[in-house]
Amino acid sequence: NAGVTQTPKFQVLKTGQSMTLQCAQDMNHEYMSWYRQDPGMGLRLIHYSVGAGITDQGEVPNGYNVSRSTTEDFPLRLLSAAPSQTSVYFCASSPTRNTEAFFGQGTRLTVV
Amino acid sequence: GENVEQHPSTLSVQEGDSAVIKCTYSDSASNYFPWYKQELGKGPQLIIDIRSNVGEKKDQRIAVTLNKTAKHFSLHITETQPEDSAVYFCAASMNSGYSTLTFGKGTMLLVSP
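As given, the protein sequences belong to chains C and B, one line each in that order. Per this note's numbering, the very first residue in the first sequence carries number 1; after that it's consecutive. Per this note's numbering, the very first residue in the second sequence carries number 1; after that it's consecutive.
Simulated from the structure, these hints should not be mistaken for laboratory data. Keep in mind the model is a prediction, meaning the values are calculated, not measured. Don't take every hint at face value.
[What the hints assert, rightly or not] Distance condition first, Cα-Cα at most 25 Å in a straight line; then the derived SDA-like pairs of lysine to any residue: (1) B/Lys57 to B/Leu46; (2) B/Lys37 to C/Pro83; (3) B/Lys58 to B/Asn31; (4) B/Lys42 to C/Ile54; (5) B/Lys37 to C/Asp38; (6) B/Lys42 to C/Gly53; (7) C/Lys9 to B/Lys71; (8) B/Lys71 to C/Leu45; (9) B/Lys58 to C/Arg108; (10) B/Lys37 to C/Met41; (11) B/Lys57 to C/Thr99; (12) B/Lys42 to C/Gly16; (13) B/Lys105 to C/Arg108; (14) B/Lys105 to C/Ser18; (15) B/Lys58 to C/Glu100.
[As the list claims (entries may be wrong)] Facing chain C, a subset of chain B residues (Cβ under 10 Å, in silico): (16) Val4; (17) His7; (18) Pro8; (19) Pro34; (20) Ala91; (21) Phe103.
Cβ coordinates follow ideal geometry from the N, Cα and C atoms, glycine included.
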């Protein structure tokens, strides 16, 4: 049982490049979310999804896109990377609202 | 939207001592309050949660208390051990609509042997 799998674990991008952070879960959870973690800022919600085909913005959505075509996958796209997007990104899933959220191991992204 | 404040940002204790981390929330409609532990290089992991119809919940050395009137909740760890050293996050969410978790900024707990 893999839980929540994020790829890649590390990535270095040049300013202006685009990339997709992958997130997959094998628990058939409806809710999936993307967070970024910066020193002293805690976990801030970027985008979330409450089921296939349904996504919405969180606290810090600018510069990021998401889609949810299947229950299992919830990729996060950086359209044109900026140094301000240097962060650790976590994907999480939960069966429904107000239940345990299971986090992936994170992706450490550096934009130079 | 919801705002969660967490204190202290760092906490150092001796092994065997108790540790208390406090959080306040702003939205009285919030009714679910989980606590997560994050070890170095890993994702956060749920350690305990409480819902607004309960004032206190315990799980071995860990307990959480909730004061709805004052809008604050606390994590209590007794008989701390070095393996308790980690970053702890509190969070809050509402049981309505597409509610999402709002996290505090975290507390780094250091337990010295």
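We went through each hint and held it up to the structure:
no., hint, verdict
1, B/Lys57 to B/Leu46, "14 Å, holds"
2, B/Lys37 to C/Pro83, "28 Å, violated"
3, B/Lys58 to B/Asn31, "18 Å, holds"
4, B/Lys42 to C/Ile54, "28 Å, violated"
5, B/Lys37 to C/Asp38, "16 Å, holds"
6, B/Lys42 to C/Gly53, "29 Å, violated"
7, C/Lys9 to B/Lys71, "37 Å, violated"
8, B/Lys71 to C/Leu45, "22 Å, holds"
9, B/Lys58 to C/Arg108, "34 Å, violated"
10, B/Lys37 to C/Met41, "16 Å, holds"
11, B/Lys57 to C/Thr99, "16 Å, holds"
12, B/Lys42 to C/Gly16, "28 Å, violated"
13, B/Lys105 to C/Arg108, "19 Å, holds"
14, B/Lys105 to C/Ser18, "29 Å, violated"
15, B/Lys58 to C/Glu100, "17 Å, holds"
16, Val4, "8 Å, holds"
17, His7, "13 Å, violated"
18, Pro8, "13 Å, violated"
19, Pro34, "7 Å, holds"
20, Ala91, "8 Å, holds"
21, Phe103, "4 Å, holds"
Checked against the numbered hints given earlier, the structure breaks hints 2, 4, 6, 7, 9, 12, 14, 17, 18 and satisfies all the rest.
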